[in-house]
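Work out the full structure, taking the sequences as your base and the hints as a guide.
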Amino acid sequence: MQYLVSVIHDDSLLASDEEQAAIDVFNEQLVADGHWVFAGGLGGPATATVLDNRADAGVVTDGPFVETREYIIGFWVMEAPDLDVALRLAAAGSKACNRKVEVRPFL
Amino acid sequence: MTPSDARVAITQAHRHEWGRVVAALARKFGDLDIAEEAAAEAFATAVERWPVDGVPPNPGAWLTTTAGRKAIDRIRRESKRDDKHKEARLVHDDDPPEPLGAIDDDRLRLIFTCCHPALAVETRVALTLRMVGGLTVAEIARAFLVQETAMGQRITRAKAKIKAARIPYRVPSAEDLPARVTGVLAVLYLVFNEGYLATGPSTDPIRPGLTTEAIRLARLLHTLVPDDGEVTGLLALMLLIEARRAARTSATGDLVPLDEQNRGAWDRALIAEGHRLIRQRLATGEAPGRYQVLAAINAVHTSAPDIRDTDWSQILALYTQLTHLDPSPVVALNRAIALAELDGPAVALAAIDSLAPRLTNYHPFHAARADLLRRLGQTDAAREAYDRAIDLAANTAESTHLIRRRSQLG
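Keeping their order, the protein sequence lines are chains A and B.
When the letters of the first sequence are read in order and numbered with numbering that gives the first Met the number 0, they come out as residues 0 to 106.
When the letters of the second sequence are read in order and numbered with numbering that gives the first Met the number 0, they come out as residues 0 to 409.
Honestly, the hints are just simulated from the structure, not real lab data.
One thing to keep in mind: the hints can contain errors.
What the hints assert, rightly or not - In silico lysine-lysine, DSS-like type, Cα no more than 27 Å apart, as pairs:
(1) Lys69(B) - Lys160(B)
(2) Lys99(A) - Lys160(B)
(3) Lys162(B) - Lys99(A)
(4) Lys160(B) - Lys94(A)
(5) Lys69(B) - Lys162(B)
Below you can see the structure in the form of structure tokens.
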């Protein structure tokens, strides 16, 4: 069972050196315990480009699909047997990166 | 065996066996939908068969076995359920009957699943009443004043989330247990309070169905985790409040406050049981939690044969203890009300007024102020406070009581 743990960014600051170091420690633990699948940080909404090619029109729009104050700045894909384990890992991840996280299962 | 005997037996079995049957099926098939639907089909079959064949010697076992067969039929019918794991389980379905302990564990697992923190609190309440308590969706919707379709959707969404997010069907690990039991108790207390002081202009002021159900579930939880002090405390608290139910409303539907209640109408058996549970907790010497202190306060009230015999200094001491466990303004308000009995209404009013900014929309705050102002002879201020309390009160018997008190001001 895999879970997407999205990191919710709600201020203008990127991860500090201290937060980055905590994230590295957390990631190493995820790998060591067999929960690591994939993780990554994302550029902010200003770097986003939206495409709509459903009608072969190739419409390209600068900027994000939705304008919100909170947005996803990064994510983990974690392997966990059930939601309780995923929530425990996500809680540690939230602490490490010092941000809110959202947990969702892959179907 | 008359058809009416069979009906009584089915009603009783529904009350006592529903949670067991659903829990046993949920464990076996790992799916709350299948468990619930198969349990409902088994009860429907009982309605057909029992008046004809007679009530089986062990209704619970009959229902569990029948529901198990219904579940297998259902899974076979639904071709998409071709998952190898489930097939393998079906082959080995002729399990011997479960020992009693395992069945109790099933229900405990079911309670923790329904009260999982990943579900919204109102969803936990609804799901627990449905899956463990066996209330119909219509009954739950009525109890919480929402449309039946909305309540049905809430329960369906919760079951879908449990399945998709894989909320585990198990008793939480030792490290998670205390926090998770707290969540379960909060759900049961919510159910109880909605029954005890029902909200809404068009409902009965007291709904015994909900208080009885909350007590039944608390008893079940207490049987399953007898050593948890707060579980014992909440059960004792509910019993001691429920014991006063008959005396709490007048023939005209007016709320009767504690100091005017006919104590002869209190249920002595429930009081004795509540007191016994509290003594049991005291004997452990462990520091009590919030529910245990609340239960102790109610024990002091129910120990007094007459309002004049109430040991207010002990009640005040318990509220002071509660303030440390729960520093909320509501607790501070209740402590001030006890203070009025010892140090007089002026001292209590001063204590209450400091809470005004935080309790301005809480009707018991205005009701308490009104009462103290009345006792101090400040009629105009008291009337104003009663008006505010009446505006905010959501329970019909409480409003009636407050209106009566206001009219007595002269």
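Checklist entry - Would the pair Lys99(A) and Lys160(B) pass a check requiring their Cα atoms to be no farther apart than 27 Å? => result holds, 21 Å
Checklist entry - Does the alpha-carbon distance linking Lys160(B) and Lys94(A) stay inside the 27 Å limit? => result It holds: about 25 Å lies between the C-alpha atoms, which stays within 27 Å.
Checklist entry - Keeping to a limit of 27 Å between CA atoms, is the pair of Lys69(B) and Lys160(B) held or broken? => result holds, 24 Å
Checklist entry - Would the pair Lys69(B) and Lys162(B) pass a check requiring their Cα atoms to be no farther apart than 27 Å? => result holds, 20 Å
Item to check | Restraint check for Lys162(B) with Lys99(A), where alpha carbons must lie at most 27 Å apart | outcome: Roughly 24 Å separates the two Cα atoms, so the pair holds.
In this structure, none of the earlier numbered hints is contradicted; all agree with it.
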